[in-house]
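Student: As a plain string of letters, each chain reads:
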Amino acid sequence: MSSSSSFFTSSLGRKFVMGITGIFLITFLIVHVGVNAMIFLDSSGELFNTAAHFMGTNWLIRSMEIVLFAGIILHIVQSIVLTRRNQAARPEGYAVSASAVNSKWYSRSMGLLGTLILMFLIVHLCHFWVEARFGIWGGIPEGVEAGTHDMFAQMKVIFSNPIVVAVYVLAMVSLSYHLMHGFQSAFQSLGLNHYKYTPAIKAIGKWYSIIVPVLFALMPLYVHFVINK
Amino acid sequence: MSDGNMNLTLKVWRQKNGNQKGELVTYPVSNVSPDMSFLEMFDVLNEDLVEKGQEPIAFDHDCREGICGMCSMYINGRPHGPKEGITTCQLHMRSFKDGETVVVEPWRATAFPVIKDLVVDRSAFDRIIAAGGFISVNTGNAQDANSLPISKDDADKSFEAAACIGCGACVATCKNASAMLFVSAKVSQLALLPQGQPERYSRVQNMVEQMDKEGFGNCTNTGACEVECPKGISLENIARMNRDYLVAKAAH
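The listed protein sequences correspond, in order, to chains A and B. The first sequence: position 130 = 130 (the working numbering), numbered continuously. The second sequence: position 221 = 221 (the working numbering), numbered continuously.
In case anyone wonders, no lab produced these hints; they're calculated from the structure. Quick reminder that beta carbons are idealized off the backbone N, C-alpha and C, glycines included. Treat the hints with caution; some may be incorrect.
[Said to hold, decoys possible] Output of the computed footprint for chain B on chain A, the stretches with three or more beta carbons under 8 Å from beta carbons of chain B:
1) 9-16
2) 37-49
3) 80-86
4) 91-102
5) 106-112
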């Protein structure tokens with residue numbers, strides 16, 4: 001090595017970590033949305049509960065859960081370090097800025113969008129993950145048999161509140177814009193830019209950023225307006 | 001006032017030196033010909049200021065034909081003004097409307113400290129080049145051009161990267177004041193050619209290390225630099241630099 005500086009503390013190394021954790025979280029979303037989509041196939045919730053039970057008990061999935069949390073934390077920590085450095089790189093701003101003509105607003109607002117997603121994530125984990133793992137928030141909801149993790153029943157209770165439904169839908173709008181920039185940006189940070197493949201990556205990223213959040217947003221809406229009726 | 005000439009209100013950043021605080025000062029300019037370049041308009045304004053016994057506005061300029069990269073002016077929120085693919089000296093007053101207010105600021109970045117008014121110190125770029133943006137060869141007679149075959153594709157890409165004039169518009173417009181478009185162009189122009197291969201991986205490490213030391217920000221791939229670059233340097237170069245840096249750190 002001709003240079004002594006460490007890869008992971010360099011600007012490019014930190015970008016690489018942002019990109020690789022970003023792509024990892026993108027693949028996680030596919031699994032998550034896939035399990036969620038079970039409620040559309042079987043509105044009794046049995047299929048969904050079977051899938052949720054598998055996700056909660058399979059040792060491989062449970063191990064990946066640890067990697068997932070590590071990935072989320074790394075993504076957040078790197079973004080904080082990078083944002084602070086970026087702010088230090090321009091302490092005095094411009095009186096006039098016409099950034100709207102040269103870049104998309106969501107590409108310049110990744111920190112804000114990410115913070116909104118993090119806030120949602122905390123609420124979401126309290127609603128489902130903490131409940132399923134530890135059952136400490138008011139215990140088992142009404143109508144749920146003791147000794148089972150009836151995620152479907154849990155979902156019906158949580159999404160009976162229209163404010164919760166609105167929060168979930170709005171969070172998915174944030175997620176959509178975060179992905180709209182993040183998907184293709186992650187590949188660029190990893191150095192994967194090629195005239196043959198980049199147009200395809202950008203197109204897939206755009207569709208992914210629309211389809212996945214829409215499917216997620218449909219879930220609380222479907223439970224609130226169809227299943228709970 | 002001859003036909004088509006305009007009156008404008010200029011708001012220009014005035015700052016005595018790097019230690020003192022600056023501010024935007026308003027100057028009305030009248031009878032501006034639409035055929036003047038932006039810098040010529042500044043020359044006229046400065047003559048006016050000198051006649052009035054005031055301090056003229058300090059601004060960088062040299063070739064006035066778009067190749068030296070000196071004319072660093074942030075005009076109405078964009079480096080080199082409202083047109084794409086040009087420097088400030090190539091911007092003409094016909095791009096503005098009669099009665100318009102035009103705000104002119106210096107490049108803003110920790111790594112580009114203001115020296116005076118609109119003049120900033122861009123020697124951080126020189127230090128990045130000195131860290132590795134060269135090839136170490138003993139010069140002698142130029143060898144036959146065909147002794148080193150280079151594919152047309154690579155030669156074109158290298159040439160496009162080499163078009164970078166180091167003006168700093170990429171840093172100026174980047175929301176993070178990142179210099180990655182500049183550094184990646186300077187890494188790429190040599191990485192694409194056979195002459196650049198012996199030092200390819202030490203070069204990218206040393207230049208990135210120097211870039212980080214200078215206090216430039218980090219790329220978030222907004223793409224603003226590519227749009228504002230007067231020479232149209234592509235984001236592909238940043239991906240190439242990312243790639244080379246990863247390989248360098250992993251295997252060299």
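Student: Next, verify each hint and record whether it holds.
Tutor: Hint check results:
1. 9-16: Holds: 7 residues of the segment 9-16 of chain A have a Cβ under 8 Å from chain B.
2. 37-49: violated (count 0)
3. 80-86: holds (count 3)
4. 91-102: holds (count 11)
5. 106-112: holds (count 3)
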